[in-house]
Amino acid sequence: MLEIKGLRKSIGGNEILRGVDLSIEKGDVLAVLGPSGGGKTTLLRCLNYLERADAGTMTFLGREMDMPAVSRREIAEYRRHTAFVFQSFNLFSNKTALQNVTEGLIVARKMAKSEAEERAMGALERVGLADKRDAYPSQLSGGQQQRVAIARAVAGEPDVIFFDEPTSALDPELIGGVLDVIQDLAEDGMTMIVVTHEVHFARNVSGKVLFMEDGRALAFAPTKTFFEEQKLERIQSFFRSLDRKE
Amino acid sequence: MSERVVNILLTSFPRILGQGLLVTIPLTVISFSLALVIAVICAMIQIADVKGLKQLVRFYIWVIRGTPLMVQLYLVYFGLPDLGIMLPAFPCAVAVFALNEGAYCAETVRAAIEAVPHGQMEAGYCVGMSYTQIMRRVVLPQAFRTAFPPLSNSLISMVKDTSLAANITVTEMFMTTQRVVGRTYEALALYSEVAVIYLLFCTVITRLQRMGERKLNAMNGGNVIRA
Chain L
1 MLEIKGLRKS IGGNEILRGV DLSIEKGDVL AVLGPSGGGK TTLLRCLNYL ERADAGTMTF
61 LGREMDMPAV SRREIAEYRR HTAFVFQSFN LFSNKTALQN VTEGLIVARK MAKSEAEERA
121 MGALERVGLA DKRDAYPSQL SGGQQQRVAI ARAVAGEPDV IFFDEPTSAL DPELIGGVLD
181 VIQDLAEDGM TMIVVTHEVH FARNVSGKVL FMEDGRALAF APTKTFFEEQ KLERIQSFFR
241 SLDRKE
Chain Y
1001 MSERVVNILL TSFPRILGQG LLVTIPLTVI SFSLALVIAV ICAMIQIADV KGLKQLVRFY
1061 IWVIRGTPLM VQLYLVYFGL PDLGIMLPAF PCAVAVFALN EGAYCAETVR AAIEAVPHGQ
1121 MEAGYCVGMS YTQIMRRVVL PQAFRTAFPP LSNSLISMVK DTSLAANITV TEMFMTTQRV
1181 VGRTYEALAL YSEVAVIYLL FCTVITRLQR MGERKLNAMN GGNVIRA
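As given, the protein sequences belong to chains L and Y, one line each in that order.
Counting in my numbering, the first sequence runs from 1 upward without gaps.
Counting in my numbering, the second sequence runs from 1001 upward without gaps.
Pulled out of the complex, with its shape left as it was, chain L reads as follows:
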């Protein structure tokens, strides 16, 4: 459904992505793992055109796009099919939880307000926050804000959701609730690419793993194979260092 070939990106003279390929099918959950500075977040931002790639082709729902040359209109059309969940939530701070979810539906998709609110309430119920519909982001905990952000992503009924380290900014006791919501989505067959440091989550929820280091995909494999038949010494040592931390 989504295929990337030869993705390259430099920022300020540093080559962040040095030719990354990946492909996912409908219903896949792809976990992107790897050390900090490896290019995971930049990869995800390029995938939603928050950063403009220097080279690479994207095939999405059968349509091929030259990533550096995609027009604004094509990006807008593409974004109707995708959603993005940020590490720092980025809820609109002048809007309530409900308005955060309906805003895109009403303004960008021209949906009737009543229909948008109905759909938004469904999305908020799904993340367990229907009772917080009138709360502003500043009145919610980090975990609740992230769940509203997920509701906002889900409400657009995207074909794929990108998660950029969705739990990295959260207090440890709030992480579980957010991961549970993402796992529920996975079980419902939502296609997702999740940049994460939560190895257990990747192991239990994802179907594929992409391991990034120094702007390259060191491994791209089904989760089971990746964890159980890992031959690369570099990846094994990465997990050993994580174990030591824990």
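Treat the hints with caution; some may be incorrect.
Said to hold, decoys possible - According to the in silico footprint, chain Y covers these stretches of chain L (three or more CB under 8 Å from chain Y): (1) 82-88; (2) 92-98; (3) 114-128.
Keep in mind the hints are simulated off the structure, nothing from the lab.
Predicted, not measured: the structure shown is a model, and the values here were computed from it.
Cβ atoms here follow ideal geometry from the backbone N, Cα and C, with glycine treated the same way.
The hints should help you fit chain Y onto chain L, whose structure is shown.
The following block gives chain Y in isolation, referenced to the frame of chain L:
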């Protein structure tokens, strides 16, 4: 205080206050409203980095902030007639005050827009909104909350600066007072009186500012200062 002074103060009070309500306040309100329009347009041009226009805006701000308001008033009222451009005193004052305050407020508004986290913009893009939609519905409302106190400051300044319009024959509060002083020679009492009236006007604005901030806070979920 002699009975004479009390009498002068009492008879001049409604006259001065009346001129304040009829001239000073309208001059301030009209000029400041125009200044806000100028400020938002100039700030947006700078934020959106519109080529050519941005340089023009920077030039305008540079010139206005680098020259005295009094000189600007004289230039437009007494200078422009040399080029055949003659404006009546009141519209002339409105134009100068609006252009002057617009330049200062443009910087206030620009700073307030820049203070809105970039993530708000990105989140808007990701739910499919356009630049203009995000600006209007997400960024500007948040920026307005930030800009509100410094803009109130500017408004309070302007109420008092309108007294300069007396120099180009606008009969506002201050000029009215000067005339009474000219007739009665009670400078201390009368200038104190007009000072109190200015103070009164500014007190009202300060109150309005507090009410406005409370309202804006409620509209933003009460999140003014947060870690």
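Take the stretch 92-98 of chain L, compare each residue's beta carbon with every beta carbon of chain Y, and decide whether three or more fall closer than 8 Å.
-> Check passed, 5 qualifying residues.
Quick one: see if chain Y covers the stretch 114-128 of chain L, three-plus residues with Cβ-Cβ under 8 Å.
-> Three-residue rule not met by the stretch 114-128 of chain L, so violated; n is 0.
Outcome, coverage hint (the stretch 82-88 of chain L, chain Y; C-beta under 8 Å; three residues) | Answer holds; 5 residues pass the 8 Å Cβ test.
Checked against the numbered hints above, the structure violates only hint 3.
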